[in-house]
Amino acid sequence: MVTRATLHTLFLTAVCAAAGLISAQGQNPDSKTAMTETVRLGQRHFMYHCHRCHPQGEVGYGPSLIGHAHSAEEIRQQVRNGHGMMPAFSKDRISEAELDAIIAFILYLHENKEGRESGHE
Amino acid sequence: MYGKRHGAVFALVLIAAIAGCGRQNGRESGEAALQGQDGSERRIDASDVRLPEGYRIEMVADGLTFPTGVAFDDRGVAHVVESGYAYGEVWTTPRLLRIESDGSIAVIATGTKNGPWNGVEWQDGAFLVAEGGEMEGGRILRITPDGNVSSLIDDLPSVGDHHTNGPAVGPDGWIYFGQGTATNSGVVGPDNYRFGWLKRYPDFHDIPGQDITLTGVNYESDNPLNPGEKAVTGAFVPFGRPTKEGQVIRGGLPCNGAVMRIRPDGGGLELVAWGFRNPYALAFYGDRLFVLNNSYDDRGSRPVFASGDALWEVRKGTWYGWPDYDADLPLESDYYDQPGHPRPQSLIRNHPNIPPRPVAVFGVHSSCNGIDFPGEGFGFAGEAFVAQFGDNAPNTGKLRAPVGYKVVRVNLDSGVITDFAVNRGEKGPASRTEGGGLERPVSLRFDNTGTALYVVDFGIMNQTEQGPNPRPGTGVLWKITREAN
Numbered sequence: 001m002v003t004r005a006t007l008h009t010l011f012l013t014a015v016c017a018a019a020g021l022i023s024a025q026g027q028n029p030d031s032k033t034a035m036t037e038t039v040r041l042g043q044r045h046f047m048y049h050c051h052r053c054h055p056q057g058e059v060g061y062g063p064s065l066i067g068h069a070h071s072a073e074e075i076r077q078q079v080r081n082g083h084g085m086m087p088a089f090s091k092d093r094i095s096e097a098e099l100d101a102i103i104a105f106i107l108y109l110h111e112n113k114e115g116r117e118s119g120h121e
Numbered sequence: 122m123y124g125k126r127h128g129a130v131f132a133l134v135l136i137a138a139i140a141g142c143g144r145q146n147g148r149e150s151g152e153a154a155l156q157g158q159d160g161s162e163r164r165i166d167a168s169d170v171r172l173p174e175g176y177r178i179e180m181v182a183d184g185l186t187f188p189t190g191v192a193f194d195d196r197g198v199a200h201v202v203e204s205g206y207a208y209g210e211v212w213t214t215p216r217l218l219r220i221e222s223d224g225s226i227a228v229i230a231t232g233t234k235n236g237p238w239n240g241v242e243w244q245d246g247a248f249l250v251a252e253g254g255e256m257e258g259g260r261i262l263r264i265t266p267d268g269n270v271s272s273l274i275d276d277l278p279s280v281g282d283h284h285t286n287g288p289a290v291g292p293d294g295w296i297y298f299g300q301g302t303a304t305n306s307g308v309v310g311p312d313n314y315r316f317g318w319l320k321r322y323p324d325f326h327d328i329p330g331q332d333i334t335l336t337g338v339n340y341e342s343d344n345p346l347n348p349g350e351k352a353v354t355g356a357f358v359p360f361g362r363p364t365k366e367g368q369v370i371r372g373g374l375p376c377n378g379a380v381m382r383i384r385p386d387g388g389g390l391e392l393v394a395w396g397f398r399n400p401y402a403l404a405f406y407g408d409r410l411f412v413l414n415n416s417y418d419d420r421g422s423r424p425v426f427a428s429g430d431a432l433w434e435v436r437k438g439t440w441y442g443w444p445d446y447d448a449d450l451p452l453e454s455d456y457y458d459q460p461g462h463p464r465p466q467s468l469i470r471n472h473p474n475i476p477p478r479p480v481a482v483f484g485v486h487s488s489c490n491g492i493d494f495p496g497e498g499f500g501f502a503g504e505a506f507v508a509q510f511g512d513n514a515p516n517t518g519k520l521r522a523p524v525g526y527k528v529v530r531v532n533l534d535s536g537v538i539t540d541f542a543v544n545r546g547e548k549g550p551a552s553r554t555e556g557g558g559l560e561r562p563v564s565l566r567f568d569n570t571g572t573a574l575y576v577v578d579f580g581i582m583n584q585t586e587q588g589p590n591p592r593p594g595t596g597v598l599w600k601i602t603r604e605a606n
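Just so you know, the sequences run in chain order C and X. Its first residue numbered 1, the first sequence is counted upward by one per residue in this note's numbering. Its first residue numbered 122, the second sequence is counted upward by one per residue in this note's numbering.
Please note that a few of the clues may not be correct.
[Stated by the list, open to error] Here are some of the chain X residues that sit facing chain C, going by a computed Cβ distance under 8 Å: (1) ASP386; (2) GLY387; (3) GLY389; (4) VAL482.
[Claimed, not checked] Over 10 Å on every C-beta distance to chain C, these chain X residues come out as not near it, computed from the model: (5) TYR457; (6) HIS486; (7) GLY518; (8) ALA522.
[Unchecked claim] Now the in silico label distances, taken between C-beta atoms and shown as ranges: (9) THR570(X) to SER71(C): 48 to 58 Å; (10) GLU586(X) to LYS91(C): 40 to 50 Å; (11) ARG219(X) to ALA69(C): 52 to 62 Å; (12) GLY367(X) to SER71(C): 50 to 60 Å; (13) ASN590(X) to ALA69(C): 39 to 49 Å; (14) GLU221(X) to ASP92(C): 56 to 66 Å; (15) ALA97(C) to PRO477(X): 17 to 27 Å; (16) MET256(X) to LYS91(C): 46 to 56 Å; (17) LEU346(X) to SER71(C): 19 to 29 Å.
Think of the hints as simulated: they come from the structure by calculation, not from any bench. Where a beta carbon is used, it is the ideal one built from N, C-alpha and C, also for glycine.
Sequences and hints are given; from them, build the entire structure.
Written out as structure tokens, the structure reads:
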């Protein structure tokens, strides 16, 4: 059974991975996959809603989001319900469409997490 | 007092400059130890800085003491200001230095014990320097290349937590500058005593940009002015003075938490926008004014959690939310309701407007302090380059890991933030990770051609349980260029 704490960690890990992988040209040259329009949109929403606590997707005020696989539904539950220091984000704050894009971005980051320099969580 | 030479002090700082500055120039790789004035060492190795492919970084000057800004004269010669003050109540001499192409350094002008000098700009044959005014109030200084110092405006409300910052010259020729707030979030408290100023100026407090009506929320705290006693303090009033619901606080100029402007002759003070906390860095991109705002700390009588610095495009006459919003989020929202820490209540009953959405929100406590835009040929046209000083944890709030200590770029349309210059290996300042790269990037500016990015590195400032521990003589000026294709 996946606990809320686990979901929180999974979500944060994925989000951090995403931001940190973006390269000088807006995409990691080591990326396995190209950024789709949905992923790019998710990146924008991530920057506004998530980046402050998980800068570049890495550990900061909140924990690192890199390195843990998780499903779209797990991410969705974590965002909507929050956990610990992480607040819940209502649909008024992040719409369903925006959350779909954020999730796509997080999954993209996880898929492309390889190639990061050592020392970054 | 300005325009007058202080011979003995000048001689001393000149000796220090000769002894401590410019020993290395244009160094791209290979290690060297930089000896701080207090005996501390900082290892310098440009190869420890990771950049996008096709860019290179080199050290231009070292041995600087608390540098905070760089500007270029008409010949393109770099000039650096040294602050003369650092958190931790460390006082040195504010200085304007000329950095020659061979790395040698000359002292152009020195200031008095009224730092920090926060930033420098070049306009019509002279330098403009924001004198933070920790002791005597803020000023905008005009300094000629031969060292003549005059004040364009003085008595700015700058003896609190945050100072007079900037300046930036607009396309209209006016001088724009930032004025930080006295407090973290509107209420004077014991944290301000620890900063040092509450003991010096027990009646000092924030001044709003226009008349406001208070909600009457007050906060009880220890009274460091009378140990063993308690004090009750409201918003926008001196320490130990409660407020009432409906109480009107008169606003006016000069005020705190604002961007203001003056004519080149120093007259005509105007409010541009207010409701900032510490608008530390200003930059124009064409006729668009952008401001980096240092946001709330987790400290004082009214702590705020998880607040990220913001980049705003400034609209004249707009209120940007301090002390009741974080970016465009009200502090009363459940977002700020954290376990054991109830959300802050609003202090102002009649908010002038809902703050606009910022261009970007940075990592909590990353301390974004420098901004500029590249010219053609450097790459990333239209993006903002931002210097991140790095966190001051645990004194401004706890973090799980170091944040900042790098240069990032921001897409103005999407708000996407991307690393540009960052230390290899572990996160954090170079001295903490035994690296030779960036320590605390505090400012940056492109040269007159727009093709070379100069990064001002404040030097070592560790945080201890007793507070900040800044190290004189460990500051560095870096230069980043794009290699030929």
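Do the hints match the structure? See the list:
With a cut of 8 Å, the hint placing ASP386(X) at the interface with chain C is violated, because the nearest CB-to-CB distance is about 41 Å. For GLY387(X), the interface hint is violated, since its Cβ never comes within 8 Å of a Cβ in chain C; the closest pair sits about 38 Å apart. For GLY389(X), the interface hint is violated, the least distance from its beta-carbon to any beta-carbon of chain C being 37 Å, above 8 Å. Interface restraint check for VAL482(X): the shortest CB-CB distance to chain C comes to about 5 Å, inside 8 Å, so the restraint holds.
Its closest Cβ contact with chain C, about 8 Å, brings TYR457(X) to no more than 10 Å, contrary to its assignment away from the interface. A Cβ of chain C approaches the Cβ of HIS486(X) within 10 Å, the least distance being about 7 Å, so the stated non-interface status is violated. A cut-off of 10 Å between C-beta atoms contradicts the statement that GLY518(X) is not in contact with chain C; the least separation is 8 Å. Consistency note on ALA522(X): stated as away from chain C, yet its beta-carbon is not over 10 Å from all of that chain's, at 4 Å minimum.
For the pair THR570(X) and SER71(C), the supplied restraint of 48 to 58 Å holds, since their beta-carbon distance comes to about 51 Å. Under the hint 40 to 50 Å, the C-beta atoms of GLU586(X) and LYS91(C), about 43 Å apart, fit the expected range. Distance hint check for ARG219(X) and ALA69(C): the Cβ-Cβ separation is about 55 Å, which falls inside the suggested range of 52 to 62 Å. Against the hinted window of 50 to 60 Å, the Cβ-Cβ separation of GLY367(X) and SER71(C) comes to about 53 Å, which satisfies the hint.
In this structure the supplied range 39 to 49 Å holds for ASN590(X) paired with ALA69(C), their Cβ-Cβ distance being about 42 Å. Judged by the Cβ atoms, the range 56 to 66 Å given for GLU221(X) and ASP92(C) holds: they are separated by roughly 58 Å. Take ALA97(C) and PRO477(X): their Cβ atoms lie about 22 Å apart, and the range 17 to 27 Å holds. Distance hint check for MET256(X) and LYS91(C): the Cβ-Cβ separation is about 51 Å, which falls inside the suggested range of 46 to 56 Å.
At roughly 57 Å, the beta carbons of LEU346(X) and SER71(C) sit outside the given window of 19 to 29 Å.
Hint violations for this structure: numbers 1, 2, 3, 5, 6, 7, 8 and 17, all remaining hints satisfied.
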